[in-house]
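**Student:** Sequence:
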Amino acid sequence: MRNRWWAAPILAGGAVLLAACGSSAAPSTSASTPAAGGASPATSQQSGSNASATTTTITTHSTSKGTVLATAQGKTIYWFAIDTATTSKCTGTCATYWPPVLGKPAAAAGMTLAHGFGTITRSDGKVQATYDGHPLYTYAADNAPGQVSGNGLNLSGGLWWAMTPAGTKLGASTSSSTTSGGFGY
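Residue 197 is where the sequence shown ends in my numbering, and the numbering goes up by one at each step.
Read the hints as simulated data drawn from the structure, not as lab findings.
Keep in mind that this is a model prediction, so the values were computed, not measured.
Virtual Cβ for every residue (Gly too), placed ideally from N, Cα, C.
Misleading hints may appear alongside valid ones.
Across the chosen pairs, the derived CB separations fall in these ranges [said to hold, decoys possible]:
1. Leu-167 x Ser-76: 28 to 36 Å
2. Ala-156 x Thr-69: 16 to 24 Å
3. Gly-86 x Ala-126: 14 to 22 Å
4. Ser-74 x Thr-103: 16 to 24 Å
5. Asn-166 x Gly-122: 16 to 24 Å
6. Ala-97 x Gly-137: 15 to 23 Å
7. Leu-167 x Asp-136: 15 to 23 Å
8. Gly-137 x Thr-69: 19 to 27 Å
9. Ser-76 x Ser-135: 32 to 40 Å
10. Thr-124 x Lys-101: 14 to 22 Å
11. Gly-170 x Ala-121: 12 to 20 Å
DSSO-like, lysine-lysine: derived pairs with alpha carbons at most 27 Å apart [as the list claims (entries may be wrong)]:
12. Lys-116 x Lys-101
13. Lys-77 x Lys-181
14. Lys-181 x Lys-116
15. Lys-101 x Lys-181
Construct the entire structure; sequences and hints are all you get.
**Tutor:** Spelled out as structure tokens, the structure:
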């Protein structure tokens with residue numbers, strides 16, 4: 013009985029310490045998992061030591077909302093409304109959920125596009141593909157070719173749009189289009 017008075021505070025302190033460790037470890041595990049495990053086509057290109065030498069094949073894919081640009085694996089490609097033609101605003105945790113399409117983009121054989129590809133250099137020094145002046149990304153929640161679950165989402169400080177071959181926004185969901193306020197997002 014006499015020794016029980018000290019056990020409760022120690023157990024409670026241990027639980028707090030474990031909870032704190034667990035919450036700080038989750039983002040780093042989540043952030044490193046896609047790059048290390050190659051969970052998404054865009055992040056698997058990060059494994060090369062020189063992303064600027066990597067060529068990334070871009071193709072088109074038919075979705076329930078229309079035709080979009082996609083990785084060679086069929087993963088939908090997105091653009092972020094707050095990016096500029098020379099700067100990605102999606103870094104850190106944002107890039108975990110929206111992995112940048114890395115490397116020099118090239119159209120799949122026989123594909124004709126309305127606009128041109130390019131590249132930017134990200135803040136971490138990696139080369140990111142662009143189309144029509146927009147840095148390109150995939151979305152971690154898209155688990156199969158042709159999914160467009162990131163289209164029209166307002167996350168990470170701005171709206172996300174699936175990239176169409178014409179460089180226009182893919183038809184947004186009703187809730188996203190009414191909340192955009194018509195400001196071109």
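**Student:** Please go over all the hints and tell whether each is borne out by the structure.
**Tutor:** Each hint, compared with the structure:
1. Checking the proposed 28 to 36 Å range against Leu-167 and Ser-76 shows it is violated: the Cβ atoms sit about 20 Å from each other.
2. The beta-carbon spacing between Ala-156 and Thr-69, approximately 19 Å, falls within the hinted interval of 16 to 24 Å.
3. The hinted range of 14 to 22 Å is satisfied by Gly-86 and Ala-126, whose Cβ atoms lie roughly 21 Å apart.
4. Between Ser-74 and Thr-103 the beta carbons are some 31 Å apart, a value that contradicts the proposed interval 16 to 24 Å.
5. Between Asn-166 and Gly-122 the beta carbon distance is about 36 Å. The supplied range of 16 to 24 Å is therefore violated.
6. For Ala-97 and Gly-137, the Cβ-Cβ distance of about 19 Å falls inside the hinted range of 15 to 23 Å, so the restraint holds.
7. A hinted range of 15 to 23 Å holds for the C-beta pair Leu-167 and Asp-136, which are about 21 Å apart.
8. About 23 Å separates the C-beta atoms of Gly-137 and Thr-69, a value consistent with the hinted range of 19 to 27 Å.
9. Between Ser-76 and Ser-135 the beta carbon distance is about 35 Å. The supplied range of 32 to 40 Å therefore holds.
10. Hint check: Thr-124 to Lys-101, Cβ distance near 30 Å, so the stated range 14 to 22 Å is violated.
11. A beta carbon spacing of about 34 Å between Gly-170 and Ala-121 contradicts the range 12 to 20 Å that was offered as a hint.
12. Restraint check: the Cα-Cα separation between Lys-116 and Lys-101 comes to about 19 Å, which is no more than 27 Å; the hinted pair holds.
13. For the proposed pair Lys-77 and Lys-181, the alpha carbon gap of about 11 Å is at most 27 Å, so the pair holds.
14. Under the criterion of a C-alpha separation no larger than 27 Å, the hint pairing Lys-181 with Lys-116 is consistent with the structure, at around 23 Å.
15. A hinted pair counts as satisfied when its Cα atoms are at most 27 Å apart, and Lys-101 with Lys-181 qualifies at roughly 19 Å.
Hint compliance for this structure: hints 1, 4, 5, 10 and 11 are not met, and every other hint is.
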